[in-house]
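J.: So you can see what is in the structure, the chains are spelled out below.
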Amino acid sequence: MDERLEKALDFSNYMLTLNNQKRLLAEKYQESLIYFYSGSQFTLTRELITFVSAMISAEQDEIVITDDNNIPCMVENLEDFYGEIVSKYTNASNSYYTAYADLKKNRTVEKLVNYE
Amino acid sequence: MSKGIFLIARNNAHIDYVKQAVFLARRIKKYLGVPVTIATESVDYLELAFGVDDFDEVITLDDTGEFNQRYFYDGALSKKSASFKNNNRASVYDLTPYDETILMDTDYVISNDLLKSCFGSKSNFSIYKKSNDIAKVRDEQEFDTISNTSVDFYWATVVYFRKTETNKIFFDLVKHIEEEWNHYRRVYQITSTLFRNDFAFSIAIHIMNGFQNGNFAQELPGSMMYTTDTDILWQLKEDEMMFLVEKKDYLGEYTALKTQGQTIHVMNKSSLSRIIDQEFAND
Chain A
37 MDERLEKALD
47 FSNYMLTLNN
57 QKRLLAEKYQ
67 ESLIYFYSGS
77 QFTLTRELIT
87 FVSAMISAEQ
97 DEIVITDDNN
107 IPCMVENLED
117 FYGEIVSKYT
127 NASNSYYTAY
137 ADLKKNRTVE
147 KLVNYE
Chain B
1257 MSKGIFLIAR
1267 NNAHIDYVKQ
1277 AVFLARRIKK
1287 YLGVPVTIAT
1297 ESVDYLELAF
1307 GVDDFDEVIT
1317 LDDTGEFNQR
1327 YFYDGALSKK
1337 SASFKNNNRA
1347 SVYDLTPYDE
1357 TILMDTDYVI
1367 SNDLLKSCFG
1377 SKSNFSIYKK
1387 SNDIAKVRDE
1397 QEFDTISNTS
1407 VDFYWATVVY
1417 FRKTETNKIF
1427 FDLVKHIEEE
1437 WNHYRRVYQI
1447 TSTLFRNDFA
1457 FSIAIHIMNG
1467 FQNGNFAQEL
1477 PGSMMYTTDT
1487 DILWQLKEDE
1497 MMFLVEKKDY
1507 LGEYTALKTQ
1517 GQTIHVMNKS
1527 SLSRIIDQEF
1537 AND
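First to last, the sequence lines map onto chains A and B.
Residue numbers for the first sequence, in the working numbering: 37 to 152.
Residue numbers for the second sequence, in the working numbering: 1257 to 1539.
These are computed hints drawn from the structure, not numbers from a lab.
Glycine residues also receive a C-beta, built at the ideal position from the N, C-alpha and C atoms.
One or more of the hints may lead you astray.
[Unchecked claim] Pulled from the structure, derived: some chain A residues nowhere near chain B, Cβ distances all over 12 Å:
hint	residue
1	Met37
2	Lys64
3	Glu67
4	Thr81
5	Asp104
6	Asn113
7	Ser129
8	Lys140
9	Glu146
[What the hints assert, rightly or not] Facing chain B, from chain A, some residues (calculated, C-beta under 8 Å):
hint	residue
10	Leu52
11	Ala62
12	Phe72
13	Thr102
14	Asn105
15	Ile107
16	Val145
17	Val149
Produce the entire structure from the sequences given, and follow the hints as far as they go.
T.: Pasting the structure below:
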C-alpha cells in the first residue's frame, strides 16, 4: 500500500476512535449531571442553577421546581439546594474537563482505549 | 419499604442466563448495594454450579415448555439459532418480595450507582424510553417506535415499580397482551410474529395512558446504553469495558471503544459469557 494512504488510513482510524471516545465521555458527563433531591430527578443545567440563584436573590426561601419527569417538587431550603447543585455541577464539569484533556493526549488507538 | 433487584434467568441450550445472573448480582451488590432475587427454572444448577450466596431469595419457576426461536449473533460474522424463553415476565409483580423492585435483564452490565436513586423516588413506575447505541453506526429508529406506524418504544430491560394497585393492573395487562399476542401485534401493526417483552410493555403503557402518549411511565435516570449482538465485548476490568463495535459498511471489521463507569446493555451474550468466565476464573 502507498505509504501516504497507509498513514491517512491510520489517522482516519485514530480520529474515528477519538470521536467515539469523546462522544461517550460527553454522555457520561450528562449522566453525572443527574441530581436527586427528595425523590425527584433533576438534570443540572446552567439554566437551573441561574434560576435558583435568581430566586435566592429575590429572597425566596422555598420554591416549586418541576423535575425531569415534570413532577413538581417543593424545594424547602433553597440555599442548601443551591449549594448542592453548584457543587455537583462543578465537580462533574471538572471531571469532564480533566478526562477530555487526558483523552486528547493519547495519540494512538491503543492508548485511547487503554488496551493492554 | 423493602427494595431490591429482581432477575429472571431461564437457560436454553446455548446461553447460560443463570451464570449471567450470578455475575450481575455481584455487580449489583458492588455498585447499587441492594439485595437481589433470582427466579429460575434451574435452581439445582444454580446451587451446584455457583451456590446461592449472591441472592437474597431464590424463586423456582415452572418450566412452561413455551419458547421462541431467534438468531443470536456473536459479532457481525457468526450467528446461531437458539430457543429463548421470554414469556411470563409480567409475573414479576406477583413474585417479587420487595415493595420497590427493579426488574432487570441479566445482560445489563451495571457499572455505576445511577439506578440506586430510583428507590424512594416519586415515580411509581419508571422505564427507559431514551436509548443510545454506543456504536452510533446503525439506524436507531427501531427503538423509537414499536413499528414504523405505531406507538412509542419502551425498553423492558430495566423496569422500576412499586407494588400499587395501578401497577398490578399494568402487569396483568402485560400478561393479557402476551396471551393474545397475535391480536395485539396486528392492532399495533407489528409485522414480526415474535413475542417481545419490549413491545408488550410498550403496548401496555400506551393503553394505560388512555391510548395516547402520557405520563403513566416516568423515565429512568440517564438513557439505556446498549451494544447489539453484532458488536463484541472484548475486555472488562471493574467498571471499564472495551468493545469491538461494527464498522459502518465494512462487514466483519470493528472499531475499538472503551467505556468507563457506564452501565451497558450487552446484547452479545456469547461474548458476555466469555468475559464472565474470565472474571469467575480470576475470583
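J.: Next, verify each hint and record whether it holds.
T.: Evaluated hints:
The Cβ of methionine 37 of chain A lies farther than 12 Å from every Cβ of chain B, with a closest approach of about 16 Å, so its non-interface assignment holds. Interface exclusion of lysine 64 of chain A from chain B breaks down, the closest Cβ pair being 6 Å apart, not more than 12 Å. Residue-level check failed: glutamate 67 of chain A sits 5 Å from the nearest beta carbon of chain B, not beyond 12 Å. With a cut of 12 Å on Cβ distances, threonine 81 of chain A stays outside the contact zone with chain B, its closest approach being about 15 Å.
Separation of aspartate 104 of chain A from chain B is inadequate, the least Cβ-Cβ distance of about 7 Å not exceeding the 12 Å criterion. Listed as a non-interface residue, asparagine 113 of chain A keeps its Cβ farther than 12 Å from every Cβ of chain B; the least gap is roughly 18 Å. Interface exclusion of serine 129 of chain A from chain B stands, the closest Cβ pair being 16 Å apart, more than 12 Å. Against chain B, the non-interface label of lysine 140 of chain A holds: every CB pair exceeds 12 Å, the least being about 15 Å.
In this structure glutamate 146 of chain A is not separated from chain B by more than 12 Å, as the shortest Cβ-Cβ distance comes to only about 8 Å. Residue-level restraint check for leucine 52 of chain A holds (minimum Cβ-Cβ distance to chain B is 6 Å; threshold 8 Å). For alanine 62 of chain A, the interface hint is violated, since its Cβ never comes within 8 Å of a Cβ in chain B; the closest pair sits about 11 Å apart. Taken as an interface hint, phenylalanine 72 of chain A checks out: its beta carbon lies about 4 Å from the nearest beta carbon of chain B, inside 8 Å.
For threonine 102 of chain A, the suggested interface contact is broken, since its CB lies about 11 Å from the closest CB of chain B, more than 8 Å. Taking 8 Å as the C-beta cut-off, the interface hint given for asparagine 105 of chain A holds, the closest approach to chain B being about 4 Å. At about 5 Å, the closest approach between the beta carbon of isoleucine 107 of chain A and any beta carbon in chain B falls short of 8 Å, and the interface hint on this residue holds. With its C-beta approaching chain B no nearer than about 6 Å, valine 145 of chain A sits inside the 8 Å limit, and its interface hint holds.
At its closest, the beta carbon of valine 149 of chain A sits 4 Å from a beta carbon of chain B; the interface hint therefore holds under the 8 Å criterion.
In this structure, the hints that do not hold are numbers 2, 3, 5, 9, 11 and 13, in rising order.
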